[in-house]
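Student: With chain A held as given, fit chain B onto it using these hints.
Respectively, the protein sequence lines represent chains A and B. The opening residue of the first sequence carries number 1 in the numbering used here; numbering runs sequentially from there. The opening residue of the second sequence carries number 1 in the numbering used here; numbering runs sequentially from there.
No lab work stands behind these hints, which were simulated from the structure alone. Be a bit skeptical, because a hint or two may be false.
As the list claims (entries may be wrong) - As a list, the in silico DSSO-like pairs of lysine-lysine whose alpha-carbon atoms are at most 30 angstroms apart:
1) B:LYS244 - A:LYS159
2) A:LYS159 - B:LYS116
3) A:LYS163 - A:LYS114
To be verified - Here are the simulated distance ranges between beta carbons:
4) B:VAL187 - A:LEU123: 19 to 25 angstroms
5) B:LEU217 - A:VAL158: 19 to 25 angstroms
6) A:GLN151 - B:TRP47: 29 to 35 angstroms
7) A:GLY103 - B:PRO206: 44 to 50 angstroms
8) A:GLY103 - B:THR221: 45 to 51 angstroms
Bear in mind the structure is a predicted one, so any value in this text is a computation, not a measurement. Heads up, the beta-carbon is just placed ideally off N, CA and C, and yes, glycines get one too.
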Amino acid sequence: MRAIYWQNLMHSESVTMDVPHKRHGKWKFALAALAALWAQNADAHHSFAKFNMAKLTTLTGTVREFTWANPHTWLIVVVRKADGSTEQWSLVGSSPNMMARWGWNAGDIKSGDKIVVDVHPGLDGRPIGSIQNVFLAKGKVLVDPAGSNGQALAGGPVKVPTKPQGQPYK
Amino acid sequence: MSPNRVHRQLRTGALVALSALALAAPAARADDAPAVARTPEQQAAAWQEIARQPDFWQGTWQSINPIADDFSTPPDYTPFARDYIAKYKPAEDSPFTNCKPLGMPFVQNIGGMPMKFFQSPGMIALYIETSGMTRFIHTDGRQHSEMPNPSYLGESIGHWEGGTLVVDTTGLAPDTVFQIGRLTNDVRVQGDHSPLAGVVFGPHGPNLRLVERMRLLDFNTLEIQTTIYDDTIFKSPYALPPRKFIRGIERRNEPQEWACTDNRDYLDPDTGKLEVNVKDKAQDR
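Chain A extracted, bound-state conformation (with noise of 0.2 angstroms):
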């Protein structure tokens, strides 16, 4: 909680980016998150009422915002589209200890960082999406549990890609 009051501090003195402030929409996607969650134990690759599970986008670009928190973590990411233009997506990864457990990191991920992310994305085209996988610029590759079944969660990644496996995003 506190680390996310200073992310905020720090984003509302330090970072400006024209980013519009809806107020609607937010159960549901909490809810489509929380579903995430609740997946664990279905068999890899359900779908979700919000995300295109069957779809899988590669997005590149700027970290704003990494939170390592329960019930979720939460990647912001700033995509610069073809036109120029910038684009915020809001990212939602499993918890925090499934993560670990899979190797991730809090300190992996910091604003500022170049990132590639393999995304579920929303199927109502706003720019929200459900992480799959992590490239980061040093090279590490990290894999969202979210979807696995207790096999794998207990056992770690199967299978870590070496390259985007999505669309890429323009």
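Tutor: Just chain B, lined up with the frame of chain A:
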């Protein structure tokens, strides 16, 4: 240290212990003072008894079953339960959004993160990481309290039947998350592949009682079979199919803390006011 000195220290220690007992004795009530192994010999015997039990203790246990029970064997429902299920509209929300404690029995269904058993003479503890809660299972031979105060995990008493730990739980809070059934495929919302699709959460009666039978199938597999006693919902006790858990002994499977509330409410830095539930606030910044 010379043998004499050791002896002297032991004697002094014994005297101190005796004085402490003498002081404590008048305050102790018979019903509040369970038998405790006090002497080294009693303690050795108590731990040796533990050592003879099946090894639930090393490593952690990760659920490998789906979160929801599918109630494929139709329960013998009470008229109240039938009516409740007939009128049940699956909510978009779930009873445990916003980090509400799950409680027994659903808390052990969630999986994703493992559970860990600990034991000392007279008590088994079970830490459930997905909820950050710990069950305390009394194995000192006590009976249930006449009126246990309601709690999310209830009052649990365990005993061994051969290699099976039988745990009897009562005293569950009215709002503990309780699955009473599952809608059949034909009445479920189509296209919803969430593991909670069609789950019917409902109320339970004040006398809800759970009997769990926990046993090792082999070193790597723990099985827990739960039978639900609640005559407000089930006319006869309902035996759920067994759930399986696999043992993790690697470092990554060690237990971790789980503080679900850290992303729940927050102080708005602009107004200084407490804002409720913004798991998704990142979305709108």
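Student: Could you tell me whether the CB distance from LEU217 (chain B) to VAL158 (chain A) stays inside 19 to 25 angstroms?
Tutor: Between LEU217 (chain B) and VAL158 (chain A), where Cβ atoms are some 24 angstroms apart, the hint holds.
Student: A range of 29 to 35 angstroms was offered for this pair. Does it hold for the Cβ distance of GLN151 (chain A) and TRP47 (chain B)?
Tutor: At 34 angstroms between Cβs, range holds.
Student: Is the hinted range of 44 to 50 angstroms satisfied by the C-beta distance from GLY103 (chain A) to PRO206 (chain B)?
Tutor: holds, 46 angstroms
Student: Does 19 to 25 angstroms hold as the CB distance between VAL187 (chain B) and LEU123 (chain A), or does it fail?
Tutor: At roughly 24 angstroms between Cβ atoms, LEU123 (chain A) and VAL187 (chain B) fall inside 19 to 25 angstroms, so the hint holds.
Student: Verify the CB-CB distance for GLY103 (chain A) and THR221 (chain B) against the hinted window 45 to 51 angstroms.
Tutor: violated, 26 angstroms
Student: Run the distance test for LYS163 (chain A) versus LYS114 (chain A): straight-line Cα separation, threshold 30 angstroms.
Tutor: Holds, at about 15 angstroms.
Student: Check whether the Cα positions of LYS159 (chain A) and LYS116 (chain B) lie no farther apart than 30 angstroms.
Tutor: Distance of about 27 angstroms is within 30 angstroms: holds.
Student: Below or equal to 30 angstroms on CA atoms is what counts here, so check LYS244 (chain B) against LYS159 (chain A).
Tutor: holds, 25 angstroms
The structure fails to meet hint 8 from the earlier list, while all remaining hints are met.
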